[in-house]
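There are 2 protein chains.
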Amino acid sequence: MLNKPLMPVAEALAQICEMLPLLPAEQCDVTEGLGRHLAQDVVAEITHPAAHISAMDGYAVAASSGLNSGTIYNVIGEAAAGNPFSGRIGQGEAIRIFTGAYLCAGADTILIQEEIETLSAGHITITKTAQAGQFVRPEGLDFTAGNCLLPAGKCLTARDITLAALAGCKTIQVRRRPQIGILSSGDELVSPGERPQIGQLINSNSLFLHQLVTLSGGTAVDFGIIRDKKGALIKAVEAAGPLDLLVTTGGASVGDHDHIVSDIMAADGGQIAFWKIAMRPGKPLIFGKIGNTALLGLPGNPVSAGVCGLVFLYPALQSMLGDQLTPRHANAVLATPLPANDRRQDYLRAYFVTQDDGSIVVTPAPQQDSSMLRTFAKADCLIVRPPYAPEASDGTIVPILPFPPGI
Amino acid sequence: MLNKPLMPVAEALAQICEMLPLLPAEQCDVTEGLGRHLAQDVVAEITHPAAHISAMDGYAVAASSGLNSGTIYNVIGEAAAGNPFSGRIGQGEAIRIFTGAYLCAGADTILIQEEIETLSAGHITITKTAQAGQFVRPEGLDFTAGNCLLPAGKCLTARDITLAALAGCKTIQVRRRPQIGILSSGDELVSPGERPQIGQLINSNSLFLHQLVTLSGGTAVDFGIIRDKKGALIKAVEAAGPLDLLVTTGGASVGDHDHIVSDIMAADGGQIAFWKIAMRPGKPLIFGKIGNTALLGLPGNPVSAGVCGLVFLYPALQSMLGDQLTPRHANAVLATPLPANDRRQDYLRAYFVTQDDGSIVVTPAPQQDSSMLRTFAKADCLIVRPPYAPEASDGTIVPILPFPPGI
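If you're matching them up, the sequences are chains X and U in order.
Taking the numbering used here, the leading residue of the first sequence gets 319, the next gets one more, and so forth.
Taking the numbering used here, the leading residue of the second sequence gets 319, the next gets one more, and so forth.
Bound conformation, chain X alone:
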């Protein structure tokens, strides 16, 4: 097993995404849609503006009445937002109108109140020549009923659901939230809030993965800690309800105390799709099935678990949610040279630095040990170094993996 070639990251990720299902659609109230992923396009149910409306407070007239300074109008009614004037104006007639109100029949131009003089009750004149059609927002300026406003696959922002609500959508079709089990393996682990005794370590991995799943639009189901004991994983899976994916951390290596792989092999229907990935941190990464449950086994080191969560779990969730739109990679300019890389794809914790000219460059943290969670928390991004990447001088453009919002 040790001499087998390591699997490239992209190939491993493609296999994971292919084996996980696209989740079914469900209905969601538009006001509850934040962060959900559209299963269908959002199509406008109504037109906005619903009619020609006034963009200002003033008077609505027909341009054919004349718009020159000194023209006199007879005011025959009033229209406010929510209270349209149901009549029609003819030549020489006007209605008082307020911002957002519908233009009445016959009207096509707004005279703003700052450029009007009242002659007598019911009679006004313009003090400045107006333009035909001015200050009118035409019907459908924003969108028309039937327009596609938001594409399927989009992860909905606050602005998106606001737009859908304005367009008359009461409910939208979104992907069901993936149900993701989270389990940590290790005799040394205690839960956050417990004080570790000699030899013990606080299990921070489950907390990180829980937040990652939630922020990605999934539902995290926490199964706590299992001990380094043969059969512990099988028992935990039997006790769990149906899951779309079980994510474990720790116990994924080949040591005598690592039982994730052997438990998978011992379980009915257990299978391992792959096991070792050409990446750093995070070589021992398992993907497979235990019983009917898909399993992603991440390494136990906090930084390795975090990086593998970003590199595999996050895009796997996006894939289950049908999200083809959220970009994951970006580019940045190196501030410091990097040596040539070996056969493993490196993910270097790195910081953004703003230069004197305002441009932003990226520099790796000086130490990259995978036990150093502090540099992971402080990092602004991960620099991606492909296998066998040649030496890179400062100024080179390199691919980076930004941290998703909130993560």
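Warning: the hint list may mix true and false statements.
Which copy? The list can't say, so a pair holds if one copy fits it or any two copies do.
[To be verified] DSSO-like cross-link-like pairs, simulated, lysine-lysine; straight-line CA separation at most 30 Å:
{"hint": "1", "residue 1": "K548", "residue 2": "K607"}
{"hint": "2", "residue 1": "K696", "residue 2": "K548"}
{"hint": "3", "residue 1": "K446", "residue 2": "K601"}
{"hint": "4", "residue 1": "K446", "residue 2": "K594"}
{"hint": "5", "residue 1": "K547", "residue 2": "K488"}
{"hint": "6", "residue 1": "K488", "residue 2": "K696"}
{"hint": "7", "residue 1": "K607", "residue 2": "K594"}
{"hint": "8", "residue 1": "K547", "residue 2": "K446"}
{"hint": "9", "residue 1": "K594", "residue 2": "K548"}
Please keep in mind that the hints were generated in silico from the structure rather than gathered at the bench.
Based on the hints, put chain U in the right spot on chain X.
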């Protein structure tokens, strides 16, 4: 009033932030800290790693025993993560050790199992000369008890709370969530989910502001829609509980149907700090007090309300939460020339465009009417055009306001 000079955006924002209180600190479980704002530095309660630990599966030895290929060791015990070896090794002795386990007394170097040969039960030899101290993670490599890990004012990410949990923090001190009332004013408004009749409009503003407040770490309290009627705002405020800020949309202008300003002036202790801002969209913007409640009155047009929410409400929330760290502005390169600007600061909805060389430029949406919510939803950022900004050619670096995550 109309001829008074308009207030600059920065001055208005500074006044708002100054008049709103810094919220008190409260205790929060570290596992619940996502998106909260630190009121105190997070200080490590324990050291990580807590002792020198092994970075690999293998054997722990003393370098002074010799590390040349062929050196023979007597294996006297075992240490695994969570199960330390309590004895001490002497010259020529080793313990079996697994990743994450503490080194025992006397050990300072790890021989990895791939470079070991077992001679007989209890005796091993090295097949490759080792380096003194190799594969050891020293105590405190990540952090030491007492280290400041996260600064006061920081908005906590998933990685931050994971780090705090690993560092033994059970609770953290965060700012209380601001309680923000949201109220829309307008005879024409109906709520999302209702079908608008002739002259009516769906009130999308409250939904947007609700999400903005929530995503910024506040608690939104929705007071629905009030009608364009004298006294309606006063009544609504009397019925509301204590709030840190009440945000209204609509009714902020000078029309006969706009009652926000007159209601504030009519209320006991009502005061208006300012009213008209040199910006576009969003000139009529109120900040003041009604009774004991601070009030921010935004315009009613969906895009104006949205932009003013980003320009004033979002930083006001950050200020109340003591957040000096989250950057709000950035720079981008213009893809298309812009004309000289007038006296109002413009916020242009704009798109990012990736060029052939991979660089990203920014281009404004061709139409900027403030009723067009669709371009607001589609936009990647707002280009900020200061008052009297001169013509800008393509290639010019311009300030932009990115949309905060999820918004």
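With 30 Å as the alpha-carbon cut-off, assign the pair K594 and K548 to within, between, both or neither. within (21 Å within a copy, 71 Å between copies)
Have a look at K446 and K601 and pick one of within, between, both or neither, based on CA distance no larger than 30 Å. between (76 Å within a copy, 23 Å between copies)
Regarding K547 and K446, is the shortest C-alpha distance of 30 Å or less found within a copy, between copies, in both, or in neither? Classified as neither: same-chain Cα gap 88 Å, cross-chain 32 Å, threshold 30 Å.
Intra- versus inter-copy proximity for K696 and K488 (alpha-carbon distance at most 30 Å): between (41 Å within a copy, 20 Å between copies)
K607 and K594: within-copy, between-copy, both or neither at 30 Å Cα: within (16 Å within a copy, 63 Å between copies)
Could you figure out if K696 and K548 sit no more than 30 Å apart (CA to CA) within one copy, between two copies, both or neither? Intra 37 Å, inter 53 Å, cutoff 30 Å: neither.
Evaluate K446 and K594 at a C-alpha cut-off of 30 Å and name the case that applies: within, between, both or neither. Between copies only: 24 Å across, 78 Å inside.
30 Å Cα cut-off: does K547 pair with K488 within a copy, between copies, both or neither? Close across copies (28 Å), not inside one copy (51 Å); limit 30 Å.
Can you give me the call for K548 and K607, within, between, both or neither, at a CA distance of at most 30 Å? The answer is within: 17 Å in one copy meets 30 Å, while 66 Å across copies does not.
Of the numbered hints listed earlier, those contradicted by the structure are 2 and 8.
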